[in-house]
Amino acid sequence: MEYDFRKIELIWQAAWKKNETYKIANNSLKPKFYVLDMFPYPSGIGLHVGHPLGYIASDIYSRYKRLKGFNVLHPMGFDSFGLPAEQYALETGQHPATTTEKNITTFKSQLDKIGFCYDWDRELKTSDPLYYKWTQWIFLQLFNSYFCNTQKKALPISLLIKKYETKGAMPITGEIIPGKHFTASEWNEFTKQRQEEILMNRRLAFSKYGEVNWCAVLGTVLANDEVVNGVSERGGHLVEKKKMRQWYLRITDYADRLLEGLQTVDFSDSMKEMQRNWIGKSEGAQINFEIKDIPQKISIYTTRPDTIFGADFMVLAPEHELISSITITEKQEEVAKYIHYVKSRSERERIAEVKQITGCFTGAYAINSFTEKKIPIWIAEYVLAGYGTGAIMAVPCADQRDFLFAKHFNIPITNIIGSYYTGENANNSKEAILENSDFLNGLLMKDAIGIAINKMEALGIGEKKVNYRMRDAGFSRQRYWGEPFPIIWSDGIALPLDAKELPLQLPHVNTYGPGPDGEGPLANIKEWSSLIIPLQERTEKELSPNYSIMEKDNEVPGYINSSVHQWKNTISFAKQNRKDTTAEEDIIWQELRDKKIAGCKLRRQHPIAGYIPDFVCLEKKIIIEIDREYNNNEEQKLFDKGREEWLKEAGFNMIRFTNYQVNNALDIVIKDIEQAILNNDKVALNAGSNNPIFTRGTGVEVKRETSTMPGYAGSSWYFLRFMDPNNTQIFCDRKISNYWNQVDLYVGGTEHAVGHLLYSRMWTKVLFDLDLIGFDEPFKKLLNQGMIQGSSRFVYRKKNTNKFYSYDTILDELLFDKIHVDVNIVNGVELNIEAFKKWRPEYENAEFILSNDIYVCGTEVEKMSKSKYNTVNPDELCEKYGADTFRMYEMFLGPVETSKPWDTKGIEGVHRFLRKLWRLFYDDFKGPIWTTTTPAPLERSGGEAATDAELKVLHRTIKKIEEDTERFSFNTAISTFMICVNELTDLKCHKKEILQPLLILLSPYAPHISEELFQQLNFDQISFSEGDLQGGSIFDASYPTFNSSLLAETTKEYPVSINGKLRTNILLALDLEQQQVEEIILQNEIIQKWLEGNPPKKIIFVKNKMINVVI
RNA sequence: ACUCGGGUGGUGGAACUGGUAGACACGCAGGACUUAAAAUCCUGUUCGCAGUAAUGCGAGUGACGGUUCAAUUCCGUUCCCGAGUACCA
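Each residue of the first sequence is one higher than the one before, counting from 21 in this note's numbering.
Everything labelled a hint here was simulated from the structure, so no lab data went into it.
Everything hinted at is true.
Computed list of lysine-lysine pairs in DSBU-like fashion (alpha-carbon distance at most 30 Å, straight line):
1. Lys920 to Lys888
2. Lys351 to Lys263
3. Lys450 to Lys475
4. Lys520 to Lys212
5. Lys857 to Lys819
6. Lys818 to Lys838
7. Lys546 to Lys520
8. Lys37 to Lys936
9. Lys520 to Lys691
10. Lys886 to Lys818
11. Lys187 to Lys200
12. Lys925 to Lys883
13. Lys946 to Lys936
14. Lys172 to Lys801
15. Lys393 to Lys317
16. Lys212 to Lys546
Start from the sequences, fold in the hints, and give me the full structure.
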């Protein structure tokens, strides 16, 4: 019997699914282990060979841990909100929900072919309302919390309000600053707007005016990475900064804790470093300078307060707010000109011309409080408005940029560091002894820093200050395909929705273009965003319980509205309706007819009072309506509304869907229906009826927030939802999150180093502070996967001809067109000429100039991408070699963390290994050849016990595989398997005693073949050929235990070196001591040859290692 | 420019706290089986020199230098490649 991997893999994948082998319980006596892959975005292009690398690594580790006796959580889901789907929708008109769903299906089928052990019952999609309900809920927690600076943690904002009401906001020491401090009674006198404004300054999720990249031509706001060199990535249109109301997360408050937390997690040094750089903490001083003749003060930030006496000028950022008030009259024109110049400079120019020195003097002078010295105040673009205070004191002798600036504008330079300053360059050393520095004279600079700050604090002119480079995280996007904010704006006040009003669903739209004034597409849907309800506009008639659409309405199929006495008529209409259905109703009915949701049945066209709903759940009193075209008719809308009100009084809630939704987002429709029935907490799910307005809005200007949340919203907490994915009461049950706790192993690429990882770390800390979870770091250990690059192939066509020259015949590449060729039609570097001719019609008649009868292609390592024709599809490899081979080859390629180019060629070697393994069990002619000493009833017998040599091979393998898997060194583990199989083949070992433990070791790496052989070894033919796992899966076997005594040796082949250079090997007993060894060594012929009769200077002997003779 | 990684055969890579450099695999060369091919198996394969050969000698982990009985591993200088950050005061 041959190794038929196609058949084997299909059987076992189906069997594992059927037997729920990967289903994981939330409670177990076993210790827990949580392995997680970074949330993938389901792109439309599908997987290439680079994507599964990390998934395979985490899969191996999960299976290994399971065998080691852990309860292993290893889920998978999709970060399914995001721009590409929306972009695609803009281009093709297909709804993002539809394309996303399609992509996920493809993605999943690709993953399944590789045989991962995901518990698919826990699958998540961030765009699923049942999921983003909780994203919105957590947002509300952030909105309703503030960071307490004394306790250094998040607290409910209600505590802050209480404090303001009773104590106000007063300084602990020092003066009251108007606008910042207030008393309790002042607070209570403030208008609602003012109070909300103050609270907004403390909320962890807050809204303020911020700058966005606005592209007038595209009429939309662009993300930073959509702006390249100051123009839009698409189309190259001009992008300018525009102030708009935006949402932010106050991540800066968590900067210190994010830094401290890094010490408790096991991330790579480079990863921690990146995060530290991003946070960019610096300690220094904020110093206030008086301005000559002007009452205001300039506040500057510096990390080197010790150099204050070397401050020869001040520099303000061109955006600094004091500029207009300090500039003297004579300089005003010049300053205005300079500011205009700076504004006109595009981002591109500013970056490109970093070295160019520009600036402008304001004519104003600051005063050094220690010396009363006048210091000129300049403006220059090298000072950034966003960092520190947007103003610096320039110390040219100690800072290179200040130095260049001073030289350029001929500003005299004061030397405070003696010989450390050469006049050629600035010197930023902290080791110099200060001169010309008043009370700091004679001090070492690094000692002077603290002394200077103390003095400034004592004099009240400055204070110690910590600065961060990190900014608060922008949290709104003017886009459609994201979570809507559960926020209503009413007269400038942001009102949160109530938790029970969640999820606030994304309304379905037909166009995805931007809204007015840079708002997102949602702003176009007035019936969703605008919440001014014409309550008073409704007529008496509509509100009356007896309201009905009269006889004429009978013409409208599907809708009958009558008073009670028309009941009989109604029933016969209902019967008729059941026959005359619409296509959309049929679609829904197919989905729901036999499904019992929460034990409830759904009926179709079942009369309720005088009304015949499309579908109704009588038990839960929920009506489902599918709206058709005529429901958009204004008159019809009024009728519908009245009907809805009336039914509500009868206790029926109505949810509505459009035909469009049914046709394009059926899964969401079904899910909504299920949830409405499951919850039955009177939460109306449909956007139109989800309306908090009656209690909260003032009715003047009430509208929903039309921005949506960014991609990282859903991915910041998904690892928690995986623990308890179906909970309808809370985002994750506390008992369950206590059990699973942190992610023990998190696998993913470095591209998420600062974005996703920082955000999810912050969210975790907030949830921890609010006592919603019991740990404050999400990921205990991070394993970075390297990128798999593409190895591109090129053909060379002589310019203006159709002649292709083999790469090694080419002398001057410039005479040729270098063309990417599909790597799948190249074998190594040899082009498959026939396939190439068929590849593109224009190459059909191509001529080839060969070398040694073959066409050699050029090669280059590039990013793997469709456009470079260097992608390799995992499906094809699984088809050709099997998933086990594919998995092992990806791992065999090298360490998981390093990037490397893909080369399919080596895959044969791994495949050969699996076939060789198979041959330990099966002979092509003889069939099964394994033997056992203790045969099961149906097993072949007559085997002998394993020999010492065989046991040694096995146990050496156990030891090494365990060590290597434990340290994620999968490539060396695979080598070890190869060595083991090679050795067992040499030993002609076919003993179950040896082979079965080997299969268990191998099963995390090659699950299909291992399961197949394991079942064959233990159970009868009939059961395993059907994929029957009655006898238990190999994944529930227990891991072989390593027995060190089997490896104990009594002798060793010692390498003997002369002066460190290996000369010979000598077999010695391990218990020999130095002296005995020396005696033996000196007898050795080769050693004697090298000694040439002289005695050795020294003999170094390291037991069980080596011997070195020094001569 | 700064910070962090990394440079080992024709290729991917191995060598764990300094102790036999090149495991394992690809590729290549030769051979066996076969009418032939595929598949499979066997042998060789860091480079140079000498030898029919077993083998011996020399060089060798980007380059140069140092520490050490011994360095791919530790230290210093330098070159190259990759990643991240970028006027951050």
